[in-house]
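**Student:** Each chain, letter by letter, is given below.
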Amino acid sequence: MPDINLVPVQERVTERFESLKKRLSVGSAILLVLTAVFTLGVLVFFTTQVSGRSQLLAQVEDNAQVINSYKSTEELLVVAKDKSSLAEKVLAQRTDYYQTFNGFAKLVPQGVYFTDIKFAAGKIVMNGKAKSSAEIAGLVSSLLTPEGSKIVSNVTIDTLTADETGVYTFSIAAQATGKD
Amino acid sequence: MDLSGVTKVTAKAESSLEIAKYSSLAVPVISILVSFMVLLMIVWPKFSQALQIKNSNVELAQKTDSLKQKATILASLDKTELEKQVVAAEQLFPSDKNVFLLISQIEKAAGGSGVLLNRVETAPGSAQGSSGKPSANPASASSAGAQPEIAPNVEVSVSLTSGYSSLLQFLNNVLTIPRVVSISDLSVSASSSEGSSQLKVSLNITAYFKQMPTDLGSIETPVAELSDSEKARLKQIIDTGLAAAATASQIEQVPVGRADIFAPF
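Chains as they are written, first to last, in my numbering: chain A, 1 to 180; chain B, 1 to 265.
Among the clues, some could well be false.
EDC-like, lysine to aspartate or glutamate: derived pairs with alpha carbons at most 20 Å apart [stated by the list, open to error]:
hint, chain 1, residue 1, chain 2, residue 2
1, A, K71, B, D78
2, A, K81, B, D78
3, A, K81, B, E18
4, B, K210, A, E75
5, B, K235, B, E225
A partial selection of chain B residues facing chain A, derived with a Cβ cut-off under 7 Å [said to hold, decoys possible]:
hint, residue
6, S35
7, A89
8, A190
9, L234
10, K235
Derived CB-CB ranges, DEER-like [said to hold, decoys possible]:
hint, chain 1, residue 1, chain 2, residue 2, range
11, B, S56, A, A121, 49 to 57 Å
12, B, T221, A, D158, 50 to 58 Å
13, A, E61, B, M212, 26 to 34 Å
14, A, Q110, B, T221, 17 to 25 Å
These are computed hints drawn from the structure, not numbers from a lab. Owing to the predicted nature of the structure, the values given are computational and were not obtained by experimental measurement. Ideal Cβ placement from N, Cα and C applies to all residues, glycine included.
Let the hints inform the model, and build the full structure from the sequences given.
**Tutor:** Shown next as structure tokens:
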């Protein structure tokens with residue numbers, strides 16, 4: 001009885017084989033086409049990049065030649081820039097004492113004079129005399145104004161003494177604002 | 001009847017049929033294998049190589065742009081103007097200590113303002129350093145100063161006596177000499193005698209110097225143009241007269257030769 005089904009089984013096997021063969025053929029053809037397309041694409045891409053590289057190298061060479069022709073100009077510019085940029089740094093950091101004294105002159109009350117002023121390591125120590133305590137108060141409040149803050153900050157009255165004539169001797173310390 | 005021969009023949013025929021049947025698959029299978037081999041051994045390496053070239057082209061394009069930019073900047077510069085700016089920059093920031101010129105400039109500033117110089121003191125160190133060669137003892141050249149980190153410097157301590165307005169004039173004169181200087185440790189005290197308007201002043205004047213750069217760097221090094229403030233400062237020096245500044249930058253010549261070198265002058 002099993003012989004009855006032999007023919008259809010064989011046919012099915014053959015059919016499956018034919019189908020496999022067909023799929024393999026189609027697949028291999030598609031793969032071949034894709035391989036060819038990829039190969040062509042990569043070839044075009046590669047050629048484009050190599051050509052671009054050649055052009056860029058030529059441009060680099062041209063620009064290098066131009067730059068070399070201006071070498072003496074570049075030397076002058078490098079020297080001028082090097083020195084003037086350093087000069088700018090120093091000038092930006094230094095204290096303009098001429099302006100500082102002019103600033104003080106506008107802030108100091110009429111009844112106050114200094115006996116000595118010392119600027120060192122960013123600090124200012126001012127010793128002086130004043131007609132009255134009000135004059136010193138005026139000096140301190142002047143130093144604390146925005147105008148005074150451009151010159152000094154952290155104002156401290158270290159000593160304040162009055163003699164029998166009513167003249168006050170003071171010592172004021174402050175931080176020099178900004179530079180130096 | 002012996003059918004073994006027929007069976008053998010049939011088996012052989014079946015085997016041949018099987019071989020023929022499967023050999024028809026050889027072409028697609030081989031073509032698939034060849035495709036994979038081409039993809040793996042030729043296309044992929046070439047693609048990787050092309051990608052590397054692409055990346056390198058990006059860098060090369062940037063390099064080309066920066067070189068083009070540099071070439072454009074250099075082409076736009078006026079060489080004559082630059083030569084003047086270099087001379088002015090040398091006045092501003094000399095290549096050597098030039099301490100005698102500095103002292104001469106301080107003396108001129110004092111003379112022009114009416115202050116009396118009591119003492120001028122400096123320790124410039126190696127004399128060779130003042131002739132444009134590197135300082136033999138950099139510590140002495142940059143021993144002190146407000147900005148020792150900026151550049152080598154030489155310091156001159158000055159003591160003077162003056163009135164208040166003369167002091168202000170002196171400070172202004174010193175701060176406006178062509179060479180970049182800074183003033184530090186300024187101490188001003190009124191003369192001890194009552195009613196005197198004289199001030200005793202001591203200060204340190206720090207003057208900077210720096211040798212000219214000797215190396216331009218690689219061709220790819222971007223070129224830095226002068227800023228507007230730098231141009232303005234150099235122009236100020238140029239406008240005040242480079243010729244006058246050049247004269248001022250020379251130390252006064254003195255007659256030489258004495259019969260008795262111990263005789264007082």
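**Student:** It remains to establish, for every hint, whether it holds in the given structure.
**Tutor:** Quick rundown of the hints versus the structure:
Between K71 (chain A) and D78 (chain B), the direct Cα distance comes to roughly 13 Å. Compliance with the 20 Å bound is thereby established for this hinted pair. Of the pairs offered as hints, the one joining K81 (chain A) and D78 (chain B) holds, with about 15 Å between alpha carbons and a cut-off of 20 Å not exceeded. Among the hinted pairs, K81 (chain A) with E18 (chain B) is inconsistent with the structure: their alpha-carbon atoms are about 88 Å apart, more than 20 Å. Annotation: proposed proximity of K210 (chain B) to E75 (chain A) holds, straight-line Cα distance about 16 Å (limit 20 Å).
Annotation: proposed proximity of K235 (chain B) to E225 (chain B) holds, straight-line Cα distance about 15 Å (limit 20 Å). Hint status for S35 (chain B): holds, given a least beta-carbon distance of 4 Å to chain A, under 7 Å. This hint holds: A89 (chain B) has a C-beta 4 Å from the nearest C-beta of chain A, less than the 7 Å allowed. A hinted interface residue such as A190 (chain B) counts as satisfied when its beta carbon comes closer than 7 Å to some beta carbon of chain A; here the least separation is about 5 Å, so the hint holds.
This hint holds: L234 (chain B) has a C-beta 6 Å from the nearest C-beta of chain A, less than the 7 Å allowed. Below 7 Å, beta-carbon pairs count as interface contacts, and K235 (chain B) has none with chain A, the closest being about 11 Å; its hint is therefore violated. With their beta carbons about 54 Å apart, S56 (chain B) and A121 (chain A) fall inside the hinted range of 49 to 57 Å. As the Cβ distance of T221 (chain B) to D158 (chain A) is approximately 53 Å, the hint placing it in 50 to 58 Å holds.
A hinted range of 26 to 34 Å holds for the C-beta pair E61 (chain A) and M212 (chain B), which are about 30 Å apart. Separation of Q110 (chain A) from T221 (chain B) is about 60 Å and departs from the stated range, judged on CB atoms against 17 to 25 Å.
Hint check: violations occur at hints 3, 10, 14; the rest are consistent with the structure.
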